[in-house]
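*Asks:* Read top to bottom, the protein sequences are chains A and B.
All the letters of the first sequence, read from the start, carry residue numbers 1 to 303 under the numbering used here.
All the letters of the second sequence, read from the start, carry residue numbers 304 to 389 under the numbering used here.
Be aware that one or more of the hints could be misleading.
[Unchecked claim] In silico lysine to aspartate or glutamate, EDC-like type, Cα no more than 20 Å apart, as pairs:
hint : chain 1 : residue 1 : chain 2 : residue 2
1    : A       : K233      : B       : E322
2    : A       : K293      : A       : D270
3    : A       : K202      : A       : D140
4    : B       : K321      : A       : E179
5    : A       : K277      : A       : E291
6    : B       : K321      : A       : D239
7    : A       : K233      : B       : E331
8    : B       : K357      : B       : E347
9    : A       : K44       : A       : E246
10   : A       : K44       : A       : E145
11   : B       : K369      : B       : E331
12   : B       : K321      : A       : D230
13   : B       : K321      : A       : E145
14   : A       : K65       : A       : D114
15   : A       : K44       : B       : E347
16   : B       : K321      : A       : E234
17   : A       : K104      : A       : E141
18   : A       : K66       : A       : D140
19   : B       : K321      : A       : D231
20   : A       : K44       : A       : E86
21   : A       : K293      : A       : D249
22   : A       : K111      : A       : D148
23   : A       : K66       : A       : E145
24   : A       : K104      : A       : D128
25   : A       : K293      : A       : E265
26   : A       : K208      : A       : D270
27   : A       : K233      : A       : D249
None of these hints come from the bench; they were simulated from the model.
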Amino acid sequence: MSLETDSTVEAAVADSDNAARTTPAPLRSGDSRLTEIIVVTSGKGGVGKTTTSASLACGLARRGKKVAVIDFDIGLRNLDLIMGCERRVVYDFVNVIHGDCTLKQALIKDKRIDTLYILAASQTRDKDALNAEGVRRVLDELIAEGFDYIICDSPAGIEKGAHLAMYYADRAIVVVNPEVSSVRDSDRILGLLASKTHRAEKGEEKVKEHLLLTRYSPRRVATGEMMSVDDVKEILGIDVIGVIPESQDVLSASNAGTPVILNTESDVADAYEDAVKRLLGEDLPLRFLQEPKRGLFARMFGG
Amino acid sequence: MDLLAFFRRTPPTASLAKERLRIIVAQERSARGGPDYLPLLRSELFEVIRKYVKVDADAIQVNLEKEDGQDVLELSVALPGKANAA
């Protein structure tokens, strides 16, 4: 099984950059390391990668884990807004890579959770400002600083930024909407995870992959207008770490700069909490797959 | 479901989406493992075969299979039935 995937590695798309291939061997030896690097990726844009990165990072940090969340979308910085720290960005990821500042100077400490840090993307450079060697150095420094989790918020697409976001990942969360183009793009991303990552190239244990469905509408699934979790799972063939219901709370949260997982009133927060627990190894059944029961009045008038 | 939605129901298209995805994902996955020249080889073969027989593009399958440690390039062409050919 793994042999087969490895042979596909050799032949796979030769388009992506060679920078990664010339990277010096990383310091970490895999097993002795306690830090887990998680990429939140999707291929398609607008499916909820940044929302997911922010909420998972908060959820893990609230459990006392030391978490850094990095925005890899160079030129289109957004994670800072979702995290609500946009006015505190002085230095960014590219500044650290280029040695303009230290990592400590660039890490923004979250005001709500003590163990949570944000590394913003550069807003002025383009994506070529990133390189595999620089990314490796930053990750290694975070590992040395004792971070438990490093969440890499990938840009959309399959270009350099997306490639580097996934390159050193131990685990990947593929964010997908139950919609044709998103599912197809996710499959493309799964192909890249199996061939274009450090683990794949070195023949190490493969990157752990999970699906996270967002904008899920149980009502539309029930009426046959939307693919179900099981449909998407069957097509892509990987396990589901969370299903996030479609909700207005996501927009409200981004408006306010408060990751939606912190909204205790919201189903979305509960769904992300569940995903965090699954990430930490808990075995929980999926929730919010059924339309919430509503009164007759609400049902008739769409309340 | 609310009253309005009841009267202007959207057709249930989820199964259609699933079926289309199943096919395209399987096709893209099979191409993914193969060498880079496969898509070009497929389209050139298609052109050659088209000179002699009227076939659709999806009637030609070019796959690289592994059999007993050997790579086998498998070409399969579904020729049109008599009715279609006429």
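*Asks:* Determine which of the earlier numbered hints do not hold for this structure and return their numbers in increasing order.
*Replies:* Hints 5, 10, 13, 15, 20, 24, 26 and 27 contradicted; others consistent.
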